[in-house]
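Number of protein chains: 2
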Amino acid sequence: MTTIADIAKLAGVAKSTVSRYLNDGSVSEGTKKKIERVINETGYTPNAFAQSLKAKNTNIIGTIVPRLDSYATSRTLIGIDEQLKELNYQMLISNSNQHLETEIENIYTLAKQKVAGIILLAAEITEMHLEAFAKIDVPVLLVGQQHEHIYSVIHDDYHAAYEMGKYILDKGHKKIAYLGVTEKDIAVGVKRKQGFKESMKSTSDCEVKYYETSFNITEALEKVPEIIDSFQPSILVCATDNIALGAMKAASIKGLNIPKDLSITGFGGYEITGMIHPGLTTAKFFYQEAGQLAARSIVKLVRQEELELLNVSSFQLIFRESVDSIV
Amino acid sequence: MTTIADIAKLAGVAKSTVSRYLNDGSVSEGTKKKIERVINETGYTPNAFAQSLKAKNTNIIGTIVPRLDSYATSRTLIGIDEQLKELNYQMLISNSNQHLETEIENIYTLAKQKVAGIILLAAEITEMHLEAFAKIDVPVLLVGQQHEHIYSVIHDDYHAAYEMGKYILDKGHKKIAYLGVTEKDIAVGVKRKQGFKESMKSTSDCEVKYYETSFNITEALEKVPEIIDSFQPSILVCATDNIALGAMKAASIKGLNIPKDLSITGFGGYEITGMIHPGLTTAKFFYQEAGQLAARSIVKLVRQEELELLNVSSFQLIFRESVDSIV
DNA sequence: GACAAAAAAGGAACCGGTTCCTTAAGGTTT
DNA sequence: AAACCTTAAGGAACCGGTTCCTTTTTTGTC
Numbered sequence: 001m002t003t004i005a006d007i008a009k010l011a012g013v014a015k016s017t018v019s020r021y022l023n024d025g026s027v028s029e030g031t032k033k034k035i036e037r038v039i040n041e042t043g044y045t046p047n048a049f050a051q052s053l054k055a056k057n058t059n060i061i062g063t064i065v066p067r068l069d070s071y072a073t074s075r076t077l078i079g080i081d082e083q084l085k086e087l088n089y090q091m092l093i094s095n096s097n098q099h100l101e102t103e104i105e106n107i108y109t110l111a112k113q114k115v116a117g118i119i120l121l122a123a124e125i126t127e128m129h130l131e132a133f134a135k136i137d138v139p140v141l142l143v144g145q146q147h148e149h150i151y152s153v154i155h156d157d158y159h160a161a162y163e164m165g166k167y168i169l170d171k172g173h174k175k176i177a178y179l180g181v182t183e184k185d186i187a188v189g190v191k192r193k194q195g196f197k198e199s200m201k202s203t204s205d206c207e208v209k210y211y212e213t214s215f216n217i218t219e220a221l222e223k224v225p226e227i228i229d230s231f232q233p234s235i236l237v238c239a240t241d242n243i244a245l246g247a248m249k250a251a252s253i254k255g256l257n258i259p260k261d262l263s264i265t266g267f268g269g270y271e272i273t274g275m276i277h278p279g280l281t282t283a284k285f286f287y288q289e290a291g292q293l294a295a296r297s298i299v300k301l302v303r304q305e306e307l308e309l310l311n312v313s314s315f316q317l318i319f320r321e322s323v324d325s326i327v
Numbered sequence: 001m002t003t004i005a006d007i008a009k010l011a012g013v014a015k016s017t018v019s020r021y022l023n024d025g026s027v028s029e030g031t032k033k034k035i036e037r038v039i040n041e042t043g044y045t046p047n048a049f050a051q052s053l054k055a056k057n058t059n060i061i062g063t064i065v066p067r068l069d070s071y072a073t074s075r076t077l078i079g080i081d082e083q084l085k086e087l088n089y090q091m092l093i094s095n096s097n098q099h100l101e102t103e104i105e106n107i108y109t110l111a112k113q114k115v116a117g118i119i120l121l122a123a124e125i126t127e128m129h130l131e132a133f134a135k136i137d138v139p140v141l142l143v144g145q146q147h148e149h150i151y152s153v154i155h156d157d158y159h160a161a162y163e164m165g166k167y168i169l170d171k172g173h174k175k176i177a178y179l180g181v182t183e184k185d186i187a188v189g190v191k192r193k194q195g196f197k198e199s200m201k202s203t204s205d206c207e208v209k210y211y212e213t214s215f216n217i218t219e220a221l222e223k224v225p226e227i228i229d230s231f232q233p234s235i236l237v238c239a240t241d242n243i244a245l246g247a248m249k250a251a252s253i254k255g256l257n258i259p260k261d262l263s264i265t266g267f268g269g270y271e272i273t274g275m276i277h278p279g280l281t282t283a284k285f286f287y288q289e290a291g292q293l294a295a296r297s298i299v300k301l302v303r304q305e306e307l308e309l310l311n312v313s314s315f316q317l318i319f320r321e322s323v324d325s326i327v
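Residue numbers (the UniProt record's numbering), protein chains in the order written: chain A, 1 to 327; chain B, 1 to 327.
Zero decoy hints are in this set.
Identical copies carry no separate label here, and so any pair may be met within one copy or between two of them.
Below, in silico cross-link-like pairs of lysine-lysine (DSBU-like), each with a Cα-Cα straight-line distance of 30 Å or less: (1) 9 x 112; (2) 114 x 56; (3) 135 x 9; (4) 114 x 15; (5) 171 x 209; (6) 54 x 9; (7) 34 x 112; (8) 56 x 300; (9) 33 x 114; (10) 34 x 135; (11) 114 x 85; (12) 254 x 166; (13) 114 x 9; (14) 112 x 33; (15) 284 x 254; (16) 32 x 135; (17) 34 x 114; (18) 85 x 184; (19) 209 x 166; (20) 32 x 114; (21) 300 x 114; (22) 260 x 174; (23) 135 x 54; (24) 112 x 32; (25) 114 x 54; (26) 201 x 260.
Calculated from the structure, these hints are not laboratory results.
Since we're looking at a predicted model, the values are computed, not measured.
Use the sequences and the hints to build the structure in full.
Following this line, the structure appears as structure tokens:
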């Protein structure tokens, strides 16, 4: 390993001069040349640890994700990474594997590594989270979930669900099943359901039933047949695309034709929803863009610039073949 | 920020004693208690940079991925992460966004950050890669691709394709289209094709044609109709599940029934292939397990232990509804 | 109780940078 | 030509740990 002292000796100058050359650059042309030559010859790069030790902070933004194998997560990470690179920050991914304790642990680990900021893609914010945020002296940004005291970037779950509700009413559906998730998840479990419920208020001759499942495709697959048998809805509104995919599979297994026998919708706008047959009608969220927004936002926080507490990313309904018109 | 000097002062001992307490632990019971109390009170954690600066290396394994939004990548990362945690190493993900130059850059960046080792999920190994590996003094492990001089963990692409070929011959197919990818990708582009070709040698009354597309779903979607029209195969063997998904969509759009009018197979074993209708017959690779193997392997390299140059992860054919029998 | 050996604790140097302070050199002003 | 300012460069301290070496304390043995 060559160090700054080696470079200094080889160039016949002091350490501080080399350091100055590398940073501000108040160095005469002659010595610049000398140092440049030596650095090129040796292929020297400064030791990042020594720099960070002195600087007491880094340009690293830690990003904690609940899982890596999810379209939403991946796209969000891509957006974050893209934007951070542009802002000269680096992304450090920390996977908590849908494990609450690991998630908390990761917060502390990142803090210990002196990251400049933390982006948290959480499904749920607990007391332990708040405690961790308070203890560490690092700005935190939530993505996908909101909280009254923490900066966040969220998707417009409420209005997406509202518009989706309006749309299926337009299509004439009267027997509607909504398949949601746990209310611990404010965004997906609460907001989407609220938006949907609100849209249902505009009509009175509809029968709407609400069910709950997990985020797991296979669990949806198991739960759906029962819903179909007992309630016989004309449409199944699923709180995520994955649930919708499970529902479609379940319907296919039962020999039902989508959308003739049963319409299905999702939320998310995963790429796969356009590739299957029939295509799935869904509300598309802009994960990558939200990731970019999150990156810009956390950097603002790091730089102590002004930022809205709540930042909303938009959505777009995508109409495909999985919804039939009832006449 | 509290430092080890603060702790030492508060506990009334020397810095070195605190350090010893934190590491080997050759400290008397009495002082242990004192130090422990102070550390608990202050919530002190050692500065990772100072430690790394002295230690001259880290327990971080850098993992370079070509893209984040791929099932194979995600699963592999999960496996790596899981296993590294167990071995007390940390994973640092670096995304090259399918950009060769970024990939090379990332190699150098990771080396500069003094990672203990690098796992590279590459699609292609160029001269620039080899040059980078030679320059940096960090062990490197390839995943998914092999190279005569570099340690690697690969999937058994050759035999998976061979078995797949055998299977579809068994099913009686005679007009077979193979839709592959660029031969720059040794694993997917070359090995799968080779294995498949080998299996085709066992018969003489088959017409087999080879085509090429990209890894992109939409490109497959565009290319497939032409293949169907000009060649009219009874089966389309796709080199990846994504290509197969594109092909299925294309077939659906043309109004073809899968598998009656056209059989389709893939490679990969993505979860979604079991969720669509009809289910896709595919060769499943064990990405997560391969990731774990990769983690164990890179750690062996870091510790300068013995390791085979080539480590092969197995596969399993999954038979679903997308392949018909020709009688 | 004296003495040797072992254990515990202290002190200083070091890791590789950055930065502050000081000195030296060169240029300008009067 | 002296006084002053500016620019360039050197030297030393510092960031927060670890480790080696030395000194002090404890323990055990005769």
